[in-house]
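Engineer: Spelled out from the first residue to the last, the chains are:
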Amino acid sequence: MNQVLTPPAIQLSAVALDKTYRKGPEEVNVLRGVNLDVRRGEFLSIIGRSGSGKSTLLHLLGLLDSPDIGEIRLEGKRIDHLPAKTRDQLRNRVFGFVFQFYHLLPELTVLENVLSPLMIRYSSWEYWKRRKELQDKAQEMIQEVGLSHRLKHRPNQLSGGEMQRAAIARSLVSEPEILLADEPTGNLDVETGKGIIELLNRLNSERQLTIMMVTHDEAIAERAQRIVRLSKGQIENIRERAAG
Amino acid sequence: MYKTLLCQRYLRTRFIALASIISVMLGVATMIVVNSVMSGFSSQMRDRIHGLLADVVIESHSYDGVSDPDLQIRIAREVADDYIEAITPTVEVYGMLNFNFAGQWITKPVTLIGIEPEGKAKVGPLRSFLDSYNPVYAENEISRKALRPDSEQPNWNLSKDAVEYRREKIDRQKWYEEQLAAMEQAETPLIDPAAATVESENPEGAMPNDPFADPFGDSTAANADSEPADPYALMDGRVYVGVGLVSYPYRDPETGKMKTMMMAKPGDDVKISTVTAGRPPSHAAYQATIVDVFKSGMTEYDSNLVFCNLDELQEVRGMLSPATGKRAITSLHIKLKDYTQASDVVERLKSAFPPDQFVVKTWEQKQGPLLAAVEVESAILNVLLFLIIAVAGFGILAIFYMIVVEKTRDIGILKALGASSSGIMSIFLSYGLSLGVVGSGVGVVLGLLFVHYINEIEDVITWVTGRKVFDETIYYFPEIPTAVHPSMVISVALGAMLIAVLASVFPARRAARMHPVESLRRD
Chain A
1 MNQVLTPPAI
11 QLSAVALDKT
21 YRKGPEEVNV
31 LRGVNLDVRR
41 GEFLSIIGRS
51 GSGKSTLLHL
61 LGLLDSPDIG
71 EIRLEGKRID
81 HLPAKTRDQL
91 RNRVFGFVFQ
101 FYHLLPELTV
111 LENVLSPLMI
121 RYSSWEYWKR
131 RKELQDKAQE
141 MIQEVGLSHR
151 LKHRPNQLSG
161 GEMQRAAIAR
171 SLVSEPEILL
181 ADEPTGNLDV
191 ETGKGIIELL
201 NRLNSERQLT
211 IMMVTHDEAI
221 AERAQRIVRL
231 SKGQIENIRE
241 RAAG
Chain B
1 MYKTLLCQRY
11 LRTRFIALAS
21 IISVMLGVAT
31 MIVVNSVMSG
41 FSSQMRDRIH
51 GLLADVVIES
61 HSYDGVSDPD
71 LQIRIAREVA
81 DDYIEAITPT
91 VEVYGMLNFN
101 FAGQWITKPV
111 TLIGIEPEGK
121 AKVGPLRSFL
131 DSYNPVYAEN
141 EISRKALRPD
151 SEQPNWNLSK
161 DAVEYRREKI
171 DRQKWYEEQL
181 AAMEQAETPL
191 IDPAAATVES
201 ENPEGAMPND
211 PFADPFGDST
221 AANADSEPAD
231 PYALMDGRVY
241 VGVGLVSYPY
251 RDPETGKMKT
261 MMMAKPGDDV
271 KISTVTAGRP
281 PSHAAYQATI
291 VDVFKSGMTE
301 YDSNLVFCNL
311 DELQEVRGML
321 SPATGKRAIT
331 SLHIKLKDYT
341 QASDVVERLK
351 SAFPPDQFVV
361 KTWEQKQGPL
371 LAAVEVESAI
381 LNVLLFLIIA
391 VAGFGILAIF
401 YMIVVEKTRD
411 IGILKALGAS
421 SSGIMSIFLS
431 YGLSLGVVGS
441 GVGVVLGLLF
451 VHYINEIEDV
461 ITWVTGRKVF
471 DETIYYFPEI
481 PTAVHPSMVI
491 SVALGAMLIA
501 VLASVFPARR
511 AARMHPVESL
521 RRD
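Chains A and B, in that order, are what the protein sequence lines are.
With our numbering, the residue at position 142 of the first sequence is 142, and numbering never jumps.
With our numbering, the residue at position 423 of the second sequence is 423, and numbering never jumps.
These are computed hints drawn from the structure, not numbers from a lab.
Just so it is clear, CB atoms sit at the ideal spot from N, CA and C, and this is done for glycine as well.
Hints are supplied without guarantee of correctness; some may be wrong.
Sample of chain B residues lacking proximity to chain A, with all beta carbon distances greater than 12 Å (derived) [said to hold, decoys possible]:
{"no.": "1", "residue": "A86"}
{"no.": "2", "residue": "Y137"}
{"no.": "3", "residue": "Y248"}
{"no.": "4", "residue": "D338"}
{"no.": "5", "residue": "P355"}
{"no.": "6", "residue": "K366"}
{"no.": "7", "residue": "A373"}
{"no.": "8", "residue": "V517"}
Only some residues are given here: those of chain A computed to face chain B with a beta carbon under 7 Å [unchecked claim]:
{"no.": "9", "residue": "Y21"}
{"no.": "10", "residue": "D88"}
{"no.": "11", "residue": "I120"}
Take these sequences, add in the hints, and give me the full structure.
Structural biologist: In structure tokens:
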């Protein structure tokens, strides 16, 4: 709110988001009028207690869900009301997702998992034609996260950290503009978690990738450039961390 | 691309899917086997009916028939000569067949068909039905070779074996009579002339316990009396009798196998009673020699039809016009060059043969109810069998539903990665299709193999259970007839695939409608 920024720098914004979930007979008001602007190339973390609505905010921003009231804007254009097909494409091309439980497809190998966004993007014919190029790209991405020795392994043969790295490689292979990470370290030990955050930091600085990370861990949140604190569905404060 | 990949992986990793493949496979295989055997039986049956009748039959309403067969044939040729390959005149009338077996007279109601064998052989495959032209099988091996060469025209002469049999029989009969006479002379020096006549007329009555007694003692005796020159001469009447009329099946008490007991054989004489063509009709009877036994495989025919020589039947029935000396016939059997034109020919013939005197029908029309019954039976059976595949379809539905529930999280992931609802749906639809394709593919192969080796399989089952599954003496087939129609195989396979896809529509729609966030939360 108090951050007045130059308009072109704002990449993604949430405008007066309201979201209510129905849990049996009860209605849970998860988000209540959230406004948030995300700058291009910034590493933003959203912190809050369980049930504060931080994951929901991330889902709304990533078009996994649509708000009851309010708008999501990408480059100043409203995107949450677009037809399902267009939103599917935006999810595939603009956003990359990393989840707490990695969410790799158990039937596929690491390489195939990483390739899956590209398989979704291209038709079978086009994928077949460009498979060499796409596979190279996926391998390159896997190398970047340090999993080259695990190409043909299934997710159940990997450790937690390795799975998360694979998931990050998958989210990066489609060259997204914004990476949405939902508790990426939530299921990992401190040391491994640190490695993942370092990887995210590196991607942020090297690729100018916009990263939004949801976490409940203060120490992890501190690694971001800006920290948004959510409480009871509203933004409590936004804090800028001194660059370092 | 991800659709194919995932669908293929699900196929390979979900063993539960194997269950649905197997049920589709079994359904398809069963349908193919049953259909092939059914159509094998039915086409055999059609062949048999067709063979005994003729492509087209012109019948007069009256048993008196119509005079001058040559004229009738000319009329038929005039209107449809281009279509007709052969015509033969016949007389059809009801009658009674009497013969003596093991000391008692057996009487059977029959349909007498007076034919000229050469002419009848031209309108239908008469040879293949006559016993003497065909080898006899027992235990899948030839136990008796054909008695006549295929080149021999069907005729009213006995085969060599039958001539021998007849000679032996008559000789034995004579010997018995002589012995009997000698015995009687020795025992009763005072001959009672009345008793002697009875004895000579009915010798088997005197020896009811002798299995070798000649059932036709009376006729041979009469024959011998009238023609002392050749005691072995045949009767003027000659017949081909249906096998069902002169035989009965029984179980061999030693081996437990079904066998056929012949009550009369070629070479034996029978007595035939029928009605004359006069007004009013009166009774007429004559003696005839069995020349051959025919076996069409249709019980209806084999236990009802007697083919006899046309001229003798016409004479006995008084079907000769005293004024012109022309004979009368009751029907014409016609063979067409091309059976597909039958209805056309029937129309043409109808115009020449007035409906108040004649009925013109194709063999299919004549056998309409029977053929329709077979068709209905096969249609109902198909519906029932298709239900098997439908059951397999519900199996697929249930299994898919479970797989969708199990894969909820993965569906959420795919949606988060940008997969569209239709993409998700097509994963499961193509999964269903692949199950259908694999299941019906294997089913088709299995079914065709089963049909191909059905007789070997039957042998094995017989060997294992010790009971004959397919008894050739009951069905008249040396082996199980099958006919595989490619169109049937294709439609069964396509039907199974369609059912598999239809069954996966519901789970696939459920998968497609899943909300990404809710699916992802399932942990």
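Engineer: Now look at each hint and say whether the structure bears it out.
Structural biologist: Hint-by-hint comparison with the structure:
1. A86: Given that every Cβ of chain A is farther than 12 Å from that of A86(B), nearest at about 63 Å, it holds.
2. Y137: holds, 57 Å
3. Y248: Holds, since 67 Å exceeds 12 Å.
4. D338: holds, 51 Å
5. P355: Nearest chain A Cβ is 68 Å from P355(B), so the label holds.
6. K366: Check passes; 59 Å lies beyond 12 Å.
7. A373: Holds, because the least Cβ-Cβ distance between A373(B) and chain A comes to about 52 Å, which exceeds 12 Å.
8. V517: violated, 5 Å
9. Y21: violated, 9 Å
10. D88: Where the cut-off is 7 Å and the nearest Cβ of chain B is about 5 Å from D88(A), the hint holds.
11. I120: holds, 5 Å
The earlier numbered hints that this structure contradicts are 8, 9.
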